[in-house]
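Q: Throw the hints in and build the complete structure from the sequences for me.
FYI, in UniProt numbering the residues of the sequence shown are 1 to 57.
If you are wondering where the hints come from, they were derived from the structure by calculation, not from laboratory data. Each statement offered as a hint is correct.
Here are the simulated lysine-lysine pairs, DSS-like style, with alpha carbons at most 25 Å apart:
| id | residue 1 | residue 2 |
| --- | --- | --- |
| 1 | K27 | K7 |
| 2 | K54 | K7 |
| 3 | K27 | K46 |
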Amino acid sequence: MSDLSDKAKDFANSDKGEQATDPGLGKAADAADKATGGSHGDQIDKAEHAADDKIGQ
Numbered sequence: 001m002s003d004l005s006d007k008a009k010d011f012a013n014s015d016k017g018e019q020a021t022d023p024g025l026g027k028a029a030d031a032a033d034k035a036t037g038g039s040h041g042d043q044i045d046k047a048e049h050a051a052d053d054k055i056g057q
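A: Written as structure tokens, this is what we have:
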């Protein structure tokens, strides 16, 4: 199972993985912003960028 986890981490840290994860993070942030009525936009943006830094290059 750890081999699969390592492969997923390697993929997420590749250019191809970055292209795949960025739209997903953007959609999640948009959904969170919509769910909160836009009242927590700054916090949602910070969380989106922190997540992107963790799983991106």
